[in-house]
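Trainee: Per this note's numbering, residue 1 is the first one in the sequence shown, and the count goes up by one each step.
Rather than coming from a laboratory, the hints here were simulated on the basis of the structure.
All values derive from a computational prediction rather than experimental measurement.
Pair ranges (Cβ atoms, derived): (1) S6 - L158: 45 to 51 Å; (2) S116 - E34: 32 to 38 Å; (3) H86 - A167: 33 to 39 Å.
Ideal Cβ positions, reconstructed from N, Cα and C, are used throughout, including at glycine.
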Amino acid sequence: MAHDPSDLAQLAARAVLIMADGSPTDFEDVFHPEALNRESAAEPPECRAPGPAGFHASAIWLRRTYADLRWKIHEATASQDIAAVHTTMSGRQIDTFVVYDAQGVPEQAFPATGRSFAVTQTHWFRIADGTVREHWANRDDLGLAQQLGWVPPTPVYLFRMWRATRAARWAPVPSAVTG
Numbered sequence: 001m002a003h004d005p006s007d008l009a010q011l012a013a014r015a016v017l018i019m020a021d022g023s024p025t026d027f028e029d030v031f032h033p034e035a036l037n038r039e040s041a042a043e044p045p046e047c048r049a050p051g052p053a054g055f056h057a058s059a060i061w062l063r064r065t066y067a068d069l070r071w072k073i074h075e076a077t078a079s080q081d082i083a084a085v086h087t088t089m090s091g092r093q094i095d096t097f098v099v100y101d102a103q104g105v106p107e108q109a110f111p112a113t114g115r116s117f118a119v120t121q122t123h124w125f126r127i128a129d130g131t132v133r134e135h136w137a138n139r140d141d142l143g144l145a146q147q148l149g150w151v152p153p154t155p156v157y158l159f160r161m162w163r164a165t166r167a168a169r170w171a172p173v174p175s176a177v178t179g
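Turn these sequences into a full structure, and let the hints guide you.
Mentor: Next up, the structure:
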């Protein structure tokens, strides 16, 4: 069944934009119940769940860490069942950003710096029957880390990272769903 490429591109752009402020219902409208987020491997365990709940959990995880979180869409295009969205993600770090290992244990924590950032990203989506089935992305994580002051780390920031990582390992994982 052929789909209008502009409809696919619009759906993909919406999938990105709802990360900033979409409700669970918005995610249910966009993501298939078995949709796979290939970018969730380092996220909290609830973000790794398939479907709208996992994608919404990722959004809550990001919103908890970054105030004023937004994506500006520069271009969205589609061909057959693949859509690509070129964006700039921006915000301000207000909470510790925690990266998790494969078992869901906090691996590294980056304490809030209060700094703002704007980095480019390209998000890729496989779409079928009007819903997103799969997502993956190319992100400027180094640019993000530099703008937020994570790298190069100062001795003081390395100590803050060590303390934050230790605290994250001992703290219960907050529920992204209730976020």
